[in-house]
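Enquirer: Letter by letter, the chains look like this.
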Amino acid sequence: MDETVAEFFKRTILKIPMTEMMTILKAWDFLSEKQLQDVNFQQRKESLVQDLVLLCEKKRASVHDAALLDIVYTQFHRHRKVWDVFQMSKGPGEDIDLFDMEQFKSSFKKILQRALKNVMVSFRDAEENAVWIRIAWGTQYRKPNQYKPVYVVYYSQTPYAFTSSCPLRSNIPLLGQALTVASNHHKIVKMDLRSRYLDSLKAIVFKQYNQTFETYNSTTPLQEKSLELDIHMDSRIIHENRIEKERVQRVTQETFGDYSQPRLEFAQYKLETKFKSDFNGDILAERKEPLRCLIKFSSPHLLEALKSLAPAGIADAPLSPLLTCIPNKGMNYFKIKDK
Amino acid sequence: MSVLRPLDKQPGLNTATILLVGTEDALLQQLADAMLKEDCASELKIHLARSLPLPSDVNRPRIDLIMFVVNLHSKYSLQNVEESLRHVDATFFLGKVGFLAMGAGQESHCSIHRNTVTKLANTYRSPVFFCDLEREGFRATVAQRLVRMLQICAGHVPGVSALNLLSLLRNSENPAPEDL
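These protein sequence lines are chains U and C, in that order. Here the first sequence is numbered in our numbering, starting from 1 and rising by one per residue. Here the second sequence is numbered in our numbering, starting from 1001 and rising by one per residue.
FYI, nobody ran anything at the bench for these hints, they're computed from the structure. Keep in mind it's a predicted model, so treat the numbers as computed, not measured. For glycine and all other residues, C-beta sits at the position ideal for the given N, C-alpha and C. Keep in mind that the hints are not guaranteed to be accurate.
[Claimed, not checked] Derived PhoX-like pairs (lysine-lysine); straight-line CA-CA distance at most 25 Å: (1) U:207 - U:245; (2) U:110 - U:143; (3) C:1075 - U:245; (4) U:245 - U:270; (5) U:81 - U:105; (6) C:1075 - U:276; (7) U:270 - C:1009; (8) U:276 - U:335; (9) U:296 - U:81; (10) C:1075 - U:307; (11) U:143 - U:81; (12) U:90 - U:117; (13) U:10 - U:34; (14) U:276 - U:288; (15) U:296 - C:1075.
[Claimed, not checked] Among chain U residues calculated to face chain C with C-beta under 7 Å, some are: (16) 234; (17) 236; (18) 237; (19) 239; (20) 240; (21) 241; (22) 309; (23) 310.
Pulled out of the complex, with its shape left as it was, chain C reads as follows (with noise of 0.2 Å):
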């Protein structure tokens, strides 16, 4: 059972659970730990692995939203996060899943095109946020975002759904492909 599923689990009492995935270990920790300083409501549990699939753990808490990080300076990065989206159920990808892509303000380190993280995202109607990880007033910005964002995945935000949500986010910018 490696693959992912979204309702294959209980949700915690007031538990909101999010998985990160990216190799580039210490930005994953410095966004989580800026996230836990966020006010939030709920009780918040965050997993951060390097790839999927994960190790099986039968302790492990329903995950209401995965994030894939990828660094826009390195292939490496993208490479790992196409083979972990393999491991996911497609049920998930009804506004469950995000892309976080870093890096893209430093043009001459990017090895990776914004297009390529752009096509990824729309190839699986998931929404993609550009950010920078790497300083801290940015970071708790994605941060915060992401609590809101997990919040309403979780259902801990009455007369907002997850669907909702993806659907708010697409803009004119990264229309549906079936809206061009």
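In isolation and in its complexed conformation, chain U is listed as follows (with noise of 0.2 Å):
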């Protein structure tokens, strides 16, 4: 084997926990339940490691059984990236047609080769017609860099696709060409949302996250809650403003539903607009060229943050539009000008 090629098996071999190495290298499918048997997983991970790789030398791995490997670790480990949200669509008028995934993976892979000689794609099927595909980028007189690939997963029965941020962006046009060519759409765009957490995403695209699931006791949970509420409460705590607090548990409600909410991590706003102010002859009022000005919301949950917001009594509700809108419009980055 290649030296490269076994640093490679290594590398990717040494980033994977040893509590999930088992379930990974049997997901890969490349060495047999035999062979997995007769290595000893109870041993260092350096050694462990070194085994496996004389393993796959043994059995003539190549560097394409290694990005596989890479893209099963990916899959396992996908909120390591921050992945991109593209959306394609077909021009007008056009028909549509049969998606044909072998059809679709090498026209994707001719269109990448024509334009840059080394370039190692590689595709893993995946569940609900999605196709997990890795690309690593060379040059003209250099071998593709396997350690900075590119991760692009396409759902066939949609206009979508999610992309992993690309350290070399002067290709992120030629990978949406390609996207676009080889699914027989006509143009893409990128859409203003980006998270690591690729269910999520797709949760909010398909809108898929507004789904509750209907019980059988569907009118028990509810009666359960109330009585929760009466339980914790002394009777000698009064609270004043209940008919405050219950209408603004029902304005929460209504804006975020019961069902629990899609994870991103942070909200931008830019804005470009005038500077208002309630003062006469206020400096910055006068200026005639917009403020620009940037707003960014952390959290590791965002939107059930937001959603804690009203009932914990720091806002008030409802909450401003501009913040319950996020996962109905898809998306996360906005650009707020001057009607």
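Two independent chains are provided; combine them into the complex using the hints.
Expert: Here it is as structure tokens:
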């Protein structure tokens, strides 16, 4: 085995945490059950990795097999990458063709290889008619760099593709073009939506986040909820603004629903508006150019945090529509200009 | 009749009622629970309100003490308290009103300066207590203090009145404006 390939194998396997090693190797499906059984998984990680690399060498594993292992690892650790969302559209009057996965894959690969001499493309099918694509970029004279790949997750029955952030910005238009042409679309647009949580992005873009599951006892949970409140309340504690509290709860529930919110880490608002002031003769208000200002909200779980603002008494209900429209509009990057 | 007056109702037998006004509902609830855990000869009643004026209620007992709770991390909570103060009759401020300011320990999160609340309290001639309501131990201490204060304001402690307590609480750090 080529030294660089062996090194690639070694580094990829080293990334995998010991607790997930067996699961990921099984999902990779390159080494058979019997071969895996022969390996001692109780030894120290470095020695285990050496044994596994030797095993791969014996089985004549290629750089493509290593790339597949990298894809499997990324599928298990998708939150380590930041995902952008692209939306494609067909031209007016174009028929909806039957999608052929194999044709898409070969077409996609051809487009990239025609434009860039050294590029390595790997595919792995996933559930829901999705395909994970791994692209390692090279240049005219250099072999593909396996340590800075770009991942694309394309849901073939939809016009949406999710890409991990690409370190080589110049390759993004080419990537977009390849996706568009290979999937028989006409145009591709980058949405103003970005997050680490691929499943949440999916939920937002496919509008799956607001599905509540009807359970058999759909009325009992409601009753339990109000009982809970009563038990906690000592009769010596009286809430004067109970009606207001109930209004806030109702408004919050109407805006955010009962379901758990999709997970985003931030929302960014770029303001390019003129400064508005109540004072007459305020210097800033006299400026003709718009004031540029960037506001960023960050949170481990932004939408749940926004949902809890009004009930916690930190903000008035209803919240500003700029905040509540995020899942509906599928955006967390906003540009606000004067009308 | 949306203004709160201290002596417009008959007192209940051995009952002391406190009204906690503040936006941070969950913390007020916890403070109320902590107060009820205290040993107290009087029967305690705790009313929690987000803001004043209170909705009209004939059955509400006479309020002996009002504590306005401000969170130094939130300008919104201060604004809320300032607007609520307008609905309290002047006679309440003879020892039956106090301010609780929380969050002073985390300076980096404070959007209101301590002095703002101190000045507000001085304007209304009322004591201000800086406290931490989020940690159980400190909350219990505040609760204890409030219960003792409430008993005095309700007149359950012989020989000490709310006005006595008020002048005792004024120390050299916060002298009355006339003394300056």
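Enquirer: Of the hints stated earlier, which fail here?
Expert: Checked against the structure, the hints that fail are numbers 1, 4, 7, 12, 22, 23, while the rest are satisfied.
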